[in-house]
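One line per chain: the protein sequences are A and B, in this order.
Heads up: take any position in the first sequence, counting from 1, add 94, and you land on this note's numbering.
Heads up: take any position in the second sequence, counting from 1, add 312, and you land on this note's numbering.
Quick caveat, the hints were computed from the structure, so don't treat them as lab data.
Glycine included, each C-beta is placed from N, C-alpha and C at the ideal position.
It cannot be assumed that every hint is accurate.
[Stated by the list, open to error] No more than 30 Å apart at the CA atoms, straight line, and that leaves these computed lysine-lysine pairs for DSS-like:
{"#": "1", "chain 1": "B", "residue 1": "Lys408", "chain 2": "A", "residue 2": "Lys523"}
{"#": "2", "chain 1": "A", "residue 1": "Lys536", "chain 2": "A", "residue 2": "Lys337"}
{"#": "3", "chain 1": "A", "residue 1": "Lys514", "chain 2": "B", "residue 2": "Lys361"}
{"#": "4", "chain 1": "B", "residue 1": "Lys319", "chain 2": "A", "residue 2": "Lys529"}
{"#": "5", "chain 1": "B", "residue 1": "Lys340", "chain 2": "A", "residue 2": "Lys516"}
{"#": "6", "chain 1": "B", "residue 1": "Lys361", "chain 2": "A", "residue 2": "Lys536"}
{"#": "7", "chain 1": "A", "residue 1": "Lys544", "chain 2": "A", "residue 2": "Lys516"}
{"#": "8", "chain 1": "A", "residue 1": "Lys513", "chain 2": "A", "residue 2": "Lys474"}
[Claimed, not checked] Heads up, incomplete: computed chain B residues facing chain A, CB under 8 Å, no partners named:
{"#": "9", "residue": "Phe366"}
{"#": "10", "residue": "Asp372"}
{"#": "11", "residue": "Phe436"}
{"#": "12", "residue": "Thr438"}
{"#": "13", "residue": "Gln439"}
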Amino acid sequence: MSIKRAFLLAAIAALFLSASVPSASAKAPYEAYTYDYYSDSVPLPAPYLPDRAVTGSSLGVGEFNQPNDMFVTEDESVYILDSGNARIVSLDKDWNVLRVIQKFDNHGKEDGFAGPTGIFVSDRKEIYVADTDHNRVVMLSNEGKLLRIFEKPQSDILPKDFKFAPLKIAVDQAGRMFVISRGEFEGIMQFDEKGAFMGFVGTIKVSPNLADRLWRMLSTKAQKEQMQLFIPTEFSSVDMDKKGFVYATTIDINSDDTIKRLNPSGQDVIKRFGYYPNKGDIRYRRFGNNSGPSKLVDIKVLDGGLYMALDSNRARLFGYNDEGELLYAFGGRGTQLGVFNTPVAVERIGERLAVLDRGKNNIVVFHPTRFGSLVNQATKYHYDGDDTEAVKLWKEVLQLNTNYDIAYLGIGKSLLMEKKNKEAMAYFKLGMQRKDYSVAFKRHRREVMKEHFGTFMTVLVVLIAGFVTFRVARQVIRRRTGNREARLS
Amino acid sequence: MKQDFLKFPLHLIFHPFSGFWDMKFERKGKLAVSLTILALLVLTTILQKQFAGFLVNFVDPRMLNSLDDLQYTLLPFLLFCMANWSITTLMEGEGKFKEIVMTTGYALLPIVLINLPMTFISRFMTQEETAFYWLMNSAASIWFVFLLFVGIMTVHQYSPSKAFLTLFLTVIAMAFVVFIGTLAFSLGAQIYWFIYDVYREIIFRA
Chain A
95 MSIKRAFLLA
105 AIAALFLSAS
115 VPSASAKAPY
125 EAYTYDYYSD
135 SVPLPAPYLP
145 DRAVTGSSLG
155 VGEFNQPNDM
165 FVTEDESVYI
175 LDSGNARIVS
185 LDKDWNVLRV
195 IQKFDNHGKE
205 DGFAGPTGIF
215 VSDRKEIYVA
225 DTDHNRVVML
235 SNEGKLLRIF
245 EKPQSDILPK
255 DFKFAPLKIA
265 VDQAGRMFVI
275 SRGEFEGIMQ
285 FDEKGAFMGF
295 VGTIKVSPNL
305 ADRLWRMLST
315 KAQKEQMQLF
325 IPTEFSSVDM
335 DKKGFVYATT
345 IDINSDDTIK
355 RLNPSGQDVI
365 KRFGYYPNKG
375 DIRYRRFGNN
385 SGPSKLVDIK
395 VLDGGLYMAL
405 DSNRARLFGY
415 NDEGELLYAF
425 GGRGTQLGVF
435 NTPVAVERIG
445 ERLAVLDRGK
455 NNIVVFHPTR
465 FGSLVNQATK
475 YHYDGDDTEA
485 VKLWKEVLQL
495 NTNYDIAYLG
505 IGKSLLMEKK
515 NKEAMAYFKL
525 GMQRKDYSVA
535 FKRHRREVMK
545 EHFGTFMTVL
555 VVLIAGFVTF
565 RVARQVIRRR
575 TGNREARLS
Chain B
313 MKQDFLKFPL
323 HLIFHPFSGF
333 WDMKFERKGK
343 LAVSLTILAL
353 LVLTTILQKQ
363 FAGFLVNFVD
373 PRMLNSLDDL
383 QYTLLPFLLF
393 CMANWSITTL
403 MEGEGKFKEI
413 VMTTGYALLP
423 IVLINLPMTF
433 ISRFMTQEET
443 AFYWLMNSAA
453 SIWFVFLLFV
463 GIMTVHQYSP
473 SKAFLTLFLT
483 VIAMAFVVFI
493 GTLAFSLGAQ
503 IYWFIYDVYR
513 EIIFRA
């Protein structure tokens with residue numbers, strides 16, 4: 095009886111003790127995932143967790159009103175384009191307000207913005223604003239003094255009725271501007287450092303599908319005139335990496351190439367070596383709620399070839415490595431901290447991420463978890479060619495998540511470099527990468543053949559000799575018996 | 313034994329015209345041999361799905377089920393034999409059902425003979441060499457179709473065009489059988505659930 099009571103007491107004590115211990119990790123309001131080889135989504139530990147939400151009033155500058163874009167420089171100062179209030183809020187790295195730029199002096203007249211949608215800050219701290227409703231790009235100094243205004247460009251290749259309505263802007267180190275203009279299907283407008291229009295880059299090819307073509311063939315001329323034109327889609331955002339390549343996203347439900355990386359001559363050179371196209375979600379509902387492919391509205395290039403794309407359709411972030419493999423996807427729609435209403439911009443603040451939400455009028459700051467930072471760091475090491483360091487991290491990643499194909503591939507690639515072909519084969523098999531597996535296998539096979547060539551040839555020669563002797567012997571025996579039979583008859 | 317199981321089938325696949333003639337009129341074919349070849353085919357398919365090299369094996373291991381694989385071997389075989397018999401009886405074919413089974417069985421031999429060693433060899437292939445694997449597999453299938461064509465022609469004593477026509481009709485008949493089978497199955501299921509529901513209703517009321 096007393097033993098029973100003791101047990102009971104112990105059990106009650108255990109209950110209370112376990113309840114008092116808080117859970118070890120904060121829970122994310124979303125489920126992170128990636129896609130495996132079979133294009134099934136595989137859950138991941140959250141790569142990023144939300145820290146806090148920053149609103150206009152928490153900064154002391156009054157609520158934001160539908161902010162459209164945000165930019166964070168290398169030294170982590172933040173520029174928020176508060177479109178509804180037609181102002182720029184400039185913050186230092188500790189989120190203290192430096193200045194609010196609402197008006198600037200335009201040759202003696204006071205001037206401002208009208209419905210601006212894009213902002214970019216160059217390395218020299220010049221602020222470029224796509225002042226959409228004024229049909230111009232405004233270039234300001236960091237202190238908010240007007241430096242230049244770029245109006246509608248003059249060029250022969252632009253039609254007469256061309257309307258310049260810049261939406262997004264990116265500027266390279268040489269001061270060349272890349273501008274996305276509303277209703278401009280030719281591509282991204284490129285301006286030289288003096289502001290002269292140079293032409294379009296990244297023109298999207300249109301290829302009507304078979305059904306469209308057939309339909310067009312069968313329709314009459316009057317019907318054709320009524321039909322929609324096959325026009326390419328517009329770009330939705332631009333960003334610039336450190337090498338001067340332009341990253342851009344488009345919103346096109348029929349395309350698998352919604353993320354582009356344009357080289358200086360305007361060709362798309364992004365790598366698409368993943369199991370499936372790098373276009374955000376690859377599995378989604380066709381109809382109904384939450385359906386349709388991802389609408390990538392912003393892109394940010396991080397270190398080590400990583401880039402982060404923002405999907406406004408399901409309010410998710412997609413992190414890709416330079417090979418075009420999906421590292422992780424996370425985020426979602428909702429009212430909690432860490433999920434969004436209408437996310438419009440993603441920026442990097444050092445290791446952290448910031449997402450601007452137009453619907454909630456706030457900025458959510460995310461910090462990488464151990465898993466996230468390990469993945470990012472390993473990717474960076476691999477990108478820089480430091481594979482031995484990368485392997486250590488990938489092994490740690492695998493301890494956190496054994497279902498992570500990219501870690502297996504990372505280890506496999508490094509083993510391949512070290513000529514450990516057999517081990518590499520095993521890892522490539524786990525990562526379901528047939529191409530690399532084949533390379534490793536080819537080398538392994540050659541090694542084995544070299545090693546066992548002597549034995550192999552000896553066995554072969556002995557077998558052939560044995561076979562020949564057998565045939566000859568049989569022949570001789572047959573002939574003899576045949577002769578005997580012939581003699582007998 | 314050796315004659316039946318080895319020499320004659322090998323002779324047949326290389327000399328189909330005389331081979332099928334001998335099978336029908338010289339009674340050289342054996343149903344047991346044909347069914348053995350079918351069993352080997354089932355085995356080959358299972359082994360191929362399970363053990364073919366990583367570079368040529370696109371089977372999702374989570375979905376691997378050897379019993380389910382029968383629907384790619386045994387089921388089409390039986391369907392074909394039944395459908396062909398039904399069609400050819402109406403179209404003055406001279407073959408008996410047993411002969412149709414034998415013909416189809418013997419015709420499957422190239423697939424067994426080629427795919428089984430290829431499964432083994434595929435484990436030692438690199439990406440570039442896998443083209444050879446697919447080539448051999450397709451060759452085996454084409455060989456099979458050719459043998460089947462010749463076999464049906466000989467067994468039923470058809471002209472080539474008529475043999476082609478009956479084969480085409482056989483395929484349609486196969487689809488029909490599958491359709492009717494599914495229909496019967498779904499009706500049966502509905503009747504079953506109806507009775508079950510009534511039973512459950514009574515149980516709950518009582």
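Going down the list of hints, with the structure as the test:
1. For the proposed pair Lys408 of chain B and Lys523 of chain A, the alpha carbon gap of about 50 Å is over 30 Å, so the pair is violated.
2. Between Lys536 of chain A and Lys337 of chain A the alpha-carbon distance is near 35 Å, which puts this suggested pair outside the 30 Å criterion.
3. Of the supplied pair hints, the one linking Lys514 of chain A and Lys361 of chain B holds, its CA atoms being roughly 29 Å apart against a limit of 30 Å.
4. The hinted pair formed by Lys319 of chain B and Lys529 of chain A fails the criterion: a straight-line CA distance of about 42 Å is larger than 30 Å.
5. Our distance criterion of 30 Å between C-alpha atoms is broken by Lys340 of chain B and Lys516 of chain A, whose separation comes to about 51 Å.
6. Using a Cα cut-off of 30 Å, the hinted pair Lys361 of chain B and Lys536 of chain A holds, with the two alpha carbons roughly 23 Å apart.
7. Between the alpha carbons of Lys544 of chain A and Lys516 of chain A the distance comes to roughly 15 Å, so the proposed pair stays at or under 30 Å and holds.
8. Between the alpha carbons of Lys513 of chain A and Lys474 of chain A the distance comes to roughly 22 Å, so the proposed pair stays at or under 30 Å and holds.
9. The restraint placing Phe366 of chain B at the interface with chain A holds, with a minimum CB-CB distance near 6 Å, inside the 8 Å limit.
10. Taking 8 Å as the C-beta contact cut-off toward chain A, the hint placing Asp372 of chain B at the interface holds, the least distance being around 6 Å.
11. This hint holds: Phe436 of chain B has a C-beta 7 Å from the nearest C-beta of chain A, less than the 8 Å allowed.
12. For Thr438 of chain B, the interface hint holds, the least distance from its beta-carbon to any beta-carbon of chain A being 4 Å, beneath 8 Å.
13. Here the hint on Gln439 of chain B is kept, as its CB sits about 4 Å from the closest CB of chain A, short of 8 Å.
When the structure is compared with the earlier hints, violations turn up for hints 1, 2, 4 and 5 and for no others.
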